Amino acid sequence: MHEAPSSEELLGSVIGFLNHIAAPQLSGQAAFHARVAANALALVEREMAQRPAADARARSLFAALLNDEASTLEALNGQVCAQIRSGQLGCDNPALLAALREITSAQLAIDQPSYSGLNP
Amino acid sequence: MTALTAALTRLIQTRFGPSAEVREMTRLSGGASQETWGFSLHVPEEAPRQLILRRAPFQSTAKGEAIGLVREAQVIAAAAQTGTPVPEIVHVCSPEDDLGDAFIMAHVAGQTIARKILRDEEYSLARPLLAFQCGEAMAKIHAVAPDNLPSDLPISHGLDQLDRYEAIYRGFSMDRPVFELALSWLRQHAPAPLPTTLVHGDFRNGNLMVNESGLAAVLDWELAHQGDPREDLGWICVNSWRFGVRDKKVGGFGSLEDLLAGYQASGGQSFEPKDVDWFQALGSFKWGIMCLIMYQAFATKADPSIERAMIGRRASEAEIDLLNLIEGRPHA
Chain A
1 MHEAPSSEEL
11 LGSVIGFLNH
21 IAAPQLSGQA
31 AFHARVAANA
41 LALVEREMAQ
51 RPAADARARS
61 LFAALLNDEA
71 STLEALNGQV
81 CAQIRSGQLG
91 CDNPALLAAL
101 REITSAQLAI
111 DQPSYSGLNP
Chain B
1001 MTALTAALTR
1011 LIQTRFGPSA
1021 EVREMTRLSG
1031 GASQETWGFS
1041 LHVPEEAPRQ
1051 LILRRAPFQS
1061 TAKGEAIGLV
1071 REAQVIAAAA
1081 QTGTPVPEIV
1091 HVCSPEDDLG
1101 DAFIMAHVAG
1111 QTIARKILRD
1121 EEYSLARPLL
1131 AFQCGEAMAK
1141 IHAVAPDNLP
1151 SDLPISHGLD
1161 QLDRYEAIYR
1171 GFSMDRPVFE
1181 LALSWLRQHA
1191 PAPLPTTLVH
1201 GDFRNGNLMV
1211 NESGLAAVLD
1221 WELAHQGDPR
1231 EDLGWICVNS
1241 WRFGVRDKKV
1251 GGFGSLEDLL
1261 AGYQASGGQS
1271 FEPKDVDWFQ
1281 ALGSFKWGIM
1291 CLIMYQAFAT
1301 KADPSIERAM
1311 IGRRASEAEI
1321 DLLNLIEGRP
1331 HA
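Heads up: the sequence lines are chains A and B, in that order.
The first sequence begins at 1 in this note's numbering and counts up one residue at a time.
The second sequence begins at 1001 in this note's numbering and counts up one residue at a time.
If you are wondering where the hints come from, they were derived from the structure by calculation, not from laboratory data.
Just so we're clear, the structure is a prediction, and the values are computed from it rather than from any experiment.
Quick list of the computed label-pair ranges, beta carbon to beta carbon:
#1 A:Val44 with B:Pro1048: 45 to 51 Å
#2 B:Val1070 with A:Val44: 42 to 48 Å
#3 A:Ser114 with B:Gly1206: 15 to 21 Å
#4 A:Asn93 with B:Asp1147: 46 to 52 Å
#5 A:Leu10 with B:Ala1302: 27 to 33 Å
#6 B:Glu1327 with A:Asp55: 21 to 27 Å
#7 B:Lys1116 with A:Val44: 26 to 32 Å
#8 B:His1189 with A:Leu10: 44 to 50 Å
#9 A:Ala95 with B:Ala1299: 31 to 37 Å
Far from chain A by the CB rule (all over 12 Å, computed), these chain B residues:
#10 Arg1119
#11 Asp1152
#12 Ser1213
The C-beta atom is built at its ideal place from N, Cα and C for all residues, glycine as well.
Can you build the whole structure from these sequences, using the hints too?
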């Protein structure tokens, strides 16, 4: 009910503390891990902002691919894996490739938005 | 003096005389299972030598595919005989040396950090030479006579590795459609294996010591095995080792054509770029599963560091690279 400061504001503040106050005062492995910790929180920040829309989009892509509007994303994802394993879905299916590219790109936008593989 | 320095000093004095001294002992890197130390060897009336001690503490056993340090030293010594740029092996430890599984090698000056090698002015003359030089080094590695290798060095071809990494992936019970698709693609397109050679197994940025004139030494031989020579050629093309310089397929510093030209110039077989594609895709698949393995080490608290956890989130970089390869995108 009360969100002042919001989760986003708190995260941003901790990221700033790790990068600008803690890391410069640490050395060696500890300084390195402080920066990794800040990167981890930045990932969480992106995940909070992007995950709901990314999951909804993934669900609708897999639902169209499998012609199944009822199942959860987790169930659809498992089904896609099973059908690739059994050979029903494969590299010759443009809709599968397009769906996996879009879903993977959305995952990378959370995990590692600067990764070079995103823009081949 | 620590117990480690004391044991090292005893060994050094046995080898180089009672006046020999160990100075400036410095921990360079390593985790719980393996340590790397730098030190300076002082012998009267000789110039000091910078040496490296690599050791695994007594209780630890070699993990995963790692061959153990004694075999690693034997492989490095064998590779030196064909002219591969490697650190000179100074001593391979036996149990009476009291240092655990360990060896001592010469320190080779240079840089291993990819971001510096790919961007710093200091390496601007080295960068255009590196792909060709890596090809030359690989040809020399692949020319090592089997008789010079430890007799129990593992044999592992491309499909053996696919089987092993698939089993690891299945063991995690994670449903990742891109990895499923990559498995199916790799099985459909697997090339017939070539006659077995020594394979470095981890020939990439991070394990290459580079100086201003190029490749100074090939390091980290713990994944060495006998297998398909194309495995090394493909692994250095994996996009994850290009650190953002994706149009330079070989390590972010050079072209596959240069790598293959250097390979052939040093007596390696003549390969076409397409001969390497399957092994590059295998490499991206293996890297993706390695990311999950590192996440598992975090999840099971074997290594609770935040760094381990974050590497788990790099599995998606392998996934996009696999899709780019399967679809034949430029610079994949």
